[in-house]
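Number of protein chains: 2
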Amino acid sequence: MTDPLTNLQCPIPISDYPTVTLAHGGGGRLTQMLIERMFLPAFDNPQLVQQHDGALLEVNGARLAFSTDSFVISPLFFPGGDIGSLAVHGTVNDLAMCGAQPLALSTGLILEEGLPMEDLWRVVQSMQGAAQAVGVSVVTGDTKVVDRGKGDGVYINTTGIGLIPAGVQISPTRARRGDLVLVSGAIAVHGIAIMSVREGLAFETTLASDSAPLHEMVREMLAVGGDHVHVLRDPTRGGVASALNEIAGSARIGIRLNEAAIPIWDQVRGACEILGLDPLYVANEGKLLAIVAPEAADAVLAAMQAHSLGREAAIIGEVTEEHRGRVVLRSRIGGSRVVDMISGEQLPRIC
Amino acid sequence: MTDPLTNLQCPIPISDYPTVTLAHGGGGRLTQMLIERMFLPAFDNPQLVQQHDGALLEVNGARLAFSTDSFVISPLFFPGGDIGSLAVHGTVNDLAMCGAQPLALSTGLILEEGLPMEDLWRVVQSMQGAAQAVGVSVVTGDTKVVDRGKGDGVYINTTGIGLIPAGVQISPTRARRGDLVLVSGAIAVHGIAIMSVREGLAFETTLASDSAPLHEMVREMLAVGGDHVHVLRDPTRGGVASALNEIAGSARIGIRLNEAAIPIWDQVRGACEILGLDPLYVANEGKLLAIVAPEAADAVLAAMQAHSLGREAAIIGEVTEEHRGRVVLRSRIGGSRVVDMISGEQLPRIC
Chain U
1 MTDPLTNLQC PIPISDYPTV TLAHGGGGRL TQMLIERMFL PAFDNPQLVQ QHDGALLEVN
61 GARLAFSTDS FVISPLFFPG GDIGSLAVHG TVNDLAMCGA QPLALSTGLI LEEGLPMEDL
121 WRVVQSMQGA AQAVGVSVVT GDTKVVDRGK GDGVYINTTG IGLIPAGVQI SPTRARRGDL
181 VLVSGAIAVH GIAIMSVREG LAFETTLASD SAPLHEMVRE MLAVGGDHVH VLRDPTRGGV
241 ASALNEIAGS ARIGIRLNEA AIPIWDQVRG ACEILGLDPL YVANEGKLLA IVAPEAADAV
301 LAAMQAHSLG REAAIIGEVT EEHRGRVVLR SRIGGSRVVD MISGEQLPRI C
Chain E
1 MTDPLTNLQC PIPISDYPTV TLAHGGGGRL TQMLIERMFL PAFDNPQLVQ QHDGALLEVN
61 GARLAFSTDS FVISPLFFPG GDIGSLAVHG TVNDLAMCGA QPLALSTGLI LEEGLPMEDL
121 WRVVQSMQGA AQAVGVSVVT GDTKVVDRGK GDGVYINTTG IGLIPAGVQI SPTRARRGDL
181 VLVSGAIAVH GIAIMSVREG LAFETTLASD SAPLHEMVRE MLAVGGDHVH VLRDPTRGGV
241 ASALNEIAGS ARIGIRLNEA AIPIWDQVRG ACEILGLDPL YVANEGKLLA IVAPEAADAV
301 LAAMQAHSLG REAAIIGEVT EEHRGRVVLR SRIGGSRVVD MISGEQLPRI C
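Those protein sequence lines, which keep their order, are chains U and E.
Be aware that the first sequence starts at 1, since it is given in my numbering, and climbs by one per residue.
Be aware that the second sequence starts at 1, since it is given in my numbering, and climbs by one per residue.
Think of the hints as simulated: they come from the structure by calculation, not from any bench.
Ideal Cβ placement from N, Cα and C applies to all residues, glycine included.
Careful, some of the hints might be misleading.
Cβ-to-Cβ under 7 angstroms is the rule here; a few derived chain E residues that face chain U [claimed, not checked]:
| id | residue |
| --- | --- |
| 1 | S70 |
| 2 | P75 |
| 3 | F77 |
| 4 | S137 |
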């Protein structure tokens, strides 16, 4: 066995980051540093370098998407969902962001000793309900139990295999000048719903997570947009700002956003003000961003708006050749500012 | 969305098991209860019911194996390996137990805040070294960080896709009367290696884990045994006894083991005596059990013995029509006893 890596120095500067911090899992700058400096060079392969939401595999002429996600959300149960449905939606959505329809899911449960058996049952029922609604099966699984104080109730990994229809070519590197940026609905709902539970915020009506499976809306978008749909991304951890920064980096293009066009509910905007959060950085679980060639954007937008999960879809920006690798926001009052990737950990354990 | 399960009563008797215990993850009777009473009825589908080490999917005429495993071993680093190499070997072996050669792996890391960055780097290097030695790539991944005291350094999920060659039909239900039971080498090595670190046992020489990838040996076994190789199983958690009990249950056959034929090192036997453990219940990570038609058993045994990981392979028992669903051991002194599935948690967090 040859292992060229053995004894190489740690590629993360130990003096700056002697230990893993919550921000390394926040989906922002420190997560990106781990990926770019440690994981990509170590696991070096053409799939991983794409930094897509999943890997693409070709088997007997079929194009498969393969995607994994672990869920560590706290609390386990929240308005609009729980860790079980979230774990199904999250991986179905990662497959959908590759343009794929789901074929099969696996689940790996890490249970903490002392978890109430009825909580496990609720989570399992919720996973199955979500999988059934999607039309996919959990075909294989694994269960581990860790000692009390070494977990937090339940952590769930779901990994999925999906089938990519012929003609579909989704990749973060396909964004090009003139493409339009679409969002499927109002942003920051999941993060604020979770945060309001944690902080005990009282709203006039309960704000529920937007957690939902996006594969059907994607199928309808691809039916009308086909090859003109260049990039899909669900803006989970790190929110819309971090997702678009990742794409701007991968495709080496600039993105200009129009603040006034970004749909956001008053209740969410108000909560963000109280909590001191920028909604562009708050996690979503049932929303997607699409980067689409201009000639197809209206048709794709109409397909989104015709779907129950995309009624508030909007065109929120465009791809530019200026300020490559960056996202710039044109504010309501006409100024412009750079919207960077999130640098700390705004909301730990949001998914 | 129809969800027939909602509001059904928890299928595990809450009065007996109000909470999840370590034994629910031990690979024995309580794990089996969770699977049979909760997971199988909830996620009801023909794949899962097989209780194989992975699910079988057919895509464009290709037969794929799909398998997931989470690794929560303590300590992270141990003689003969670490959680990184173990996470690669474990999933490669689950694919191999379906008769498959590995195509691609995913990894989901759950890191605890405060994990030394250099430990993460050691684990990542070890995963990559193991994947490279196998000839498979980690093509997609996910990283989460949980708060200090909600994890234990690193938990790793690896999920794999493998390709099953034409003509291979491995399934736990294929065991039939007259088949012979083969083991690829000396048992209980991984479990005793880990236990000796935890308990501070001093041996004359260090006992290293047997963690190793078994896909090549399986390929050679299938090349000579083909369709005569009926069942493959790696006896990890719960050991040889639990693995054979699972097969006896799935196939509704009996298994008779010959104690004198089971290879075990003196050092391991001695440690088991000191620790009060039965080696039949101790975990292995680089061993496999094969149930093979009698006409092919000698050829398959020779293929195992010709491989570096199978030098001590032996025929240790046979499939019977008597005592269906049970495993019976004929002892060295001629008596017989039922070898049941493990009922408690002998060695928590062994994989």
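Tested hints:
A hinted interface residue such as S70 of chain E counts as satisfied when its beta carbon comes closer than 7 angstroms to some beta carbon of chain U; here the least separation is about 4 angstroms, so the hint holds. Annotation: interface hint on P75 of chain E violated; nearest CB of chain U at approximately 13 angstroms, more than 7 angstroms. With 7 angstroms as the threshold, the beta carbon of F77 of chain E stays out of range of chain U, its nearest partner Cβ sitting at about 14 angstroms, so the hint is violated. Interface hint status for S137 of chain E: upheld, as the beta-carbon distance to the closest one in chain U is roughly 4 angstroms, under 7 angstroms.
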